[in-house]
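Peer 1: Each chain, letter by letter, is given below.
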Amino acid sequence: MALRRFDIEAGGHSFAFKPETEEKIAFWRGKYPADKQRSAVIPLLWLAQKDNGGWLSEPAMRVVADMLEMPYIRVYEVATFYTMFRLQPVGKFHIQLCGTTPCQLRGAESLKEVCTREIGKAMYVTDDQRLSWEEVECLGACTNAPMAQINDDYFEDLTAESLGQIISRLRNGADVTPGPQVDRVNSAPEGGTSVLSDPKLFDGSRNSLSALPNLPKPPGPATPEATGQPAADAPTNTKREEPSSKDIKS
Amino acid sequence: MTDKFKVNIDGQELEVPKAYTLMQACEEAGAEIPRFCYHERLSVAGNCRMCLVEWEGAPKPIASCAQIVGDLRPNRDGSPPVIRTKGAYVEKARNGVMEFLLINHPLDCPICDQGGECDLQDQAVAYGRATSRYDENKRAVEDKYMGPLVKTIMTRCIQCTRCVRFVAEVAGVEEIGMISRGETAEITTYLEKSLTSELSGNVIDLCPVGALTSKPYAFNARPWELRETSSVDVMDAMGAAIRLDAKGDAVMRILPETNEEINEEWLSDKSRFVWDGLARQRLDRPYVRKDGKLLPVTWPEALEATKEALSAGPDQIGVVAGDLIEVEQAKAALDFFRGLGVKNTDCRPAGAQYGADGVRERYILNPTLMGVEETGALLLVGTNPRVEAAVWNARIRKAWLWGDLKVAVIGEAVDLTYPYEHFGTSPDALNSEAAAAFLKGARKPMIVVGEAAACRPDGAAILAAAQKLAQYSGAIAEGWAGFGMLHTAAGRVGALDAGFVPADGGKATGDILGGSLKTVVLLGADEVDLSALGAAKVVYVGSHGDAGASRADIVLPSAAYSEMSATYVNTEGRVQMSTRAVQPKGEAREGWAIFRALSALFGTPLPYDTADELRGVLRGRAGENTVFSGRGYAPGAKGVSALMSGPAAPAGGPGREPFKRAVSDFYLTNPIARASRTMAECSALATSLDTAVAAE
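One line per chain: the protein sequences are A and B, in this order. If you're matching positions, the first sequence starts at 1 in the working numbering and goes up one per residue. If you're matching positions, the second sequence starts at 1001 in the working numbering and goes up one per residue.
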């Protein structure tokens, strides 16, 4: 993870929330009591980032700090801690490419090559201000690896070709369809389902009486366990293997 | 439920309060616990993991600084929990922590200013491995700008966050923070702006490694080369305990010492960084003005010239003592001039309306500095403790933050780092119902009047009204004297105690400097207005060439506070002794000795030949109890009976004229600070910041 610093130059001198955001701000602030308004700092930073074209500028951060009456340094700490707050300008479409192990095993490296070839270095914004990309940690869609998040949408089951197509469509202003880019519904199996396909499962022909395995047993004669006597000593964590001195220093 | 809890530490069973941390319990048992992030006066962070101990039965080692004793469980058989602070298990744990800390710590001890007094260095020797197993590249961190006082080498930082917690909790300005996270975490001010706290130097002491060091002291000396002298600070009237570290004949740095009753273990930036002023602009030999120019002369010539200047007749001589005067000089000068029949002597600022009636309780801070932790309501009248007594302000903030102190202010509404009720800017608010209601019924109420408030034309009325309010609200009762004055000058209370006020029929400072006298003697008095002196001949006795010296006709060089063992009385009336750290500069002499020499020249030698004999006179004969008999304690509520009956309130009462600020520039309040380059830099920076804020 590289050093994260504000792009002071690109941030300009001022920032103002869009009028339509006021309602959302009031919603988030309303969640916290009057003397705990600082708790709204992350949602507000997030809204500021959205209103600022996908990245958080220094004036935007100050606006949030003033709004919540927090010292700038405290908000700065939060903004630099979470990588979801981008401190440098991004393109209109910002691609967050997952590079964590499952995606990497499924070919994220080749997707990175595509991004580098089509857009440039990570966090570089194309001249038309439309595209930028960065590598991020796991976005939690490993079933559909490799994947990328473009603005608010997940694009899954990517290949070098499909990502290249998406990028060129975005560049030219054409629509793209989020979700899996292969023949698949969400995370269902590729090419349709392969289990529970027997029609008999659904036409009721398999229905019959059966005993459920975990129903309570009918009352019977008392067993030793039922009288409350432990069969053996209770487990304990106080007996512990001591490290021996030979483990410590060579 | 008992609030005690039994623990077994290293085989020793002891009972400690449940609120103790395990670290405190271990220390009570005599064990030494290494630590970096933990500090007694800051909140617990628990992030350095150096204080690990073993709790038998626990799956992991315990960070003892963050473990409350009351949260421990007894063993299954009911015996107290077994804690071990030694042994192979603990040793291995600390060993591992130390190895992780050193992974990214540079091996630059030979060029590090912290070397020799570094916690990490010491603890690495005691708890670390002999060699490193780490082959990768070490992390490097950009240095940060934190202002003219604090130098940063951030690669050395171990992220203990002591500095972050100090500025947020004690100094009260949230300016330092930890940004980013994990391996890229960095300590910085917001966008590398300069620290604006007047206590910022303390982060240098707090930093357990060499990440934050003193910028003016950088590469000047090594700790083992320095002579350490415990002394008393004179930059404000608190009389903080300091340590002067000297090499050869120069003071190389000033550090705080712990005095729970005065400065805890903090020190203001002015007191800490003023030391370069001790070597600059010094009056190191006598001068006499000939043909409009000050020319260097020998001591006998200078004293002879002084004798001639003092032949004007006692009514034509006035003596003004300055802010930094020590008791010995005040006493010797007073004895000498009274011997000449001079009545015009004063140690107070022009227009002062206090101190002349000889009742000590009316001009000292009776509730004591520490008393602010007992009180429930504090009313500040015409004073801004943040600049007049910066370290005390931190204590007020502490009492507000961790206790239930409420503060109210009559005077300029400034940022005191804690919230307060504001009853108005003019002194007539003393008679308001709001002020009375604020104090009435509070626990041990406390009223503090700034010295500047007592130097206004209506100063006597302000003092009388404040004392009346104190009497009314129960601030003055048996065992609690909740009324006092906060001074700004280290020498003032001592000189007042020595009786350095106009004798009957004598003139006060304003009149002495009014141009009606033929000869004016200034004892380091640079803070007074010298513009109206007219044709008066001026004899200046002092250590630094400042306003007084440039106006002087005769300059007699005296020692600075680091160069003599002398008595100072702080604003609480606490008598303290400073200690000589270095020899006086050049031909400078201790102040009292100059007047002893002059008295011999006049044929009536003062009855003491050494400073010790002089102090014997001050202390009084055996059995006699004078102000100077005891040392190191504040009288506090002992003199409360003197406050029970107030002075007669002058007609008119407190006026409507708003209070003005007593200290316009925190960094430049005395000649030593004005001679200091560091202070000039701080002052310029603070002024530019002020202007920027005003422009917005």
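Hint data in this document are derived by calculation from the structure and do not stem from the laboratory. Keep in mind that the hints are not guaranteed to be accurate.
To be verified - 25 Å max Cα-Cα, derived BS3-like pairs, lysine-lysine:
1. B/K1018 to B/K1006
2. A/K36 to B/K1343
3. B/K1518 to B/K1343
4. A/K36 to B/K1406
Peer 1: Confirm or reject each hint.
Peer 2: Hint check results:
1. With a CA separation close to 9 Å, the supplied pair B/K1018 and B/K1006 stays within the 25 Å bound.
2. Straight-line distance between C-alpha atoms of A/K36 and B/K1343 comes to about 63 Å, which puts the hinted pair past the 25 Å bound.
3. Distance hint between B/K1518 and B/K1343 is fulfilled; the C-alpha atoms sit about 14 Å from each other, no more than 25 Å.
4. Distance hint between A/K36 and B/K1406 is fulfilled; the C-alpha atoms sit about 21 Å from each other, no more than 25 Å.
Hint 2 from the list above is the single one not met by this structure.
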